[in-house]
Amino acid sequence: VRFDAFELWGDGAEPNATVVVDLWQSYLQPDRGDGR
Amino acid sequence: VTDPRQPRQPAPASDRARALESALRDKGLVPDGFLERFHHVSTEKWHPRNGARVVARAWVDPAYRARLLADGTAACAELGYAGPQGEYIVVLEDTPLLHHVIVCTQCSCTAWPVLGLPPDWYKSLEYRARVVRESRTVLCEMGLDLPPEVEIRVHDTSAETRFLVLPLRPRGTEGWSEERLAAIVTREAMIGVARVTADAG
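Going line by line, the protein sequences match chains D and L.
Going by the numbering used here, the first sequence wraps up at 25, each residue one higher than the last.
Going by the numbering used here, the second sequence wraps up at 551, each residue one higher than the last.
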């Protein structure tokens, strides 16, 4: 799963950086659309 | 439970290793010659020069490069590099606008058969915490100043996959033999914290 640095760190993130983490379905929950 | 805000200094790693070895030996849990064999293999057989050979082959042989990117484990095994911590090797191809860097935020995983055991800086809490948070700054401090248009993609070794960066082949190495190319590829470049430069050759 690839995240833009701003998704992870907000305004403190460095530009043009991404973080890739091996995540599997058992770690993940569906996005309920309310930001939770 | 120790309060993480007031860490107690542990004994030196060498003392702790000796204590652990002694406890395991007392329980008869260390097979004869096991530690000696591990030490021998980890210093002689699992070595970054293996990864350097993989990278050099990929630079000179487009068909090998394609196989390496499609199935890193199989392509490394073609050259004889396989074993523990190398069961699922994924090769990350750098381009002029995309630079990969590897970290293991939870511990110190590397692809042993091609990168060897991890260097101390890779295991440091500082590298593991900071390279995901401020990769550009960390790489710059380590001597790799990437232009802003280059995306830095940090790969966290969070599961079974072990990564190997396929760095850009440096200019000025046209016509070099595979062997000469392999000699300039460093472990740091295959982790993604350095460039390969022709100067070293």
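Just to be clear, a hint being listed does not mean it is correct.
[To be verified] A few chain L residues facing chain D, derived, Cβ under 8 Å:
# : residue
1 : SER372
2 : ALA479
3 : VAL482
4 : THR487
5 : GLU491
6 : ASP495
7 : THR547
Honestly, the hints are just simulated from the structure, not real lab data.
These numbers were taken from a predicted model, which means no experiment stands behind them.
Even glycine gets a Cβ: it sits at the ideal position worked out from N, Cα and C.
We went through each hint and held it up to the structure:
1. Hint on L/SER372 is violated. Least Cβ distance to chain D is approximately 36 Å, over the 8 Å limit.
2. Hint status for L/ALA479 relative to chain D: violated, with the closest Cβ pair at about 12 Å, above 8 Å.
3. With 8 Å as the threshold, the beta carbon of L/VAL482 comes within range of chain D, its nearest partner Cβ sitting at about 5 Å, so the hint holds.
4. The criterion of a C-beta within 8 Å of any C-beta in chain D is met by L/THR487, whose closest approach is roughly 7 Å, and the hint holds.
5. Proximity of L/GLU491 to chain D is violated relative to the hint, the smallest CB-CB distance being about 13 Å (cut-off 8 Å).
6. At a threshold of 8 Å, the smallest CB-CB gap from L/ASP495 to chain D is about 13 Å, leaving the interface hint violated.
7. Using the Cβ-Cβ criterion of 8 Å, the hint placing L/THR547 at the interface with chain D is not satisfied: the shortest such distance is roughly 23 Å.
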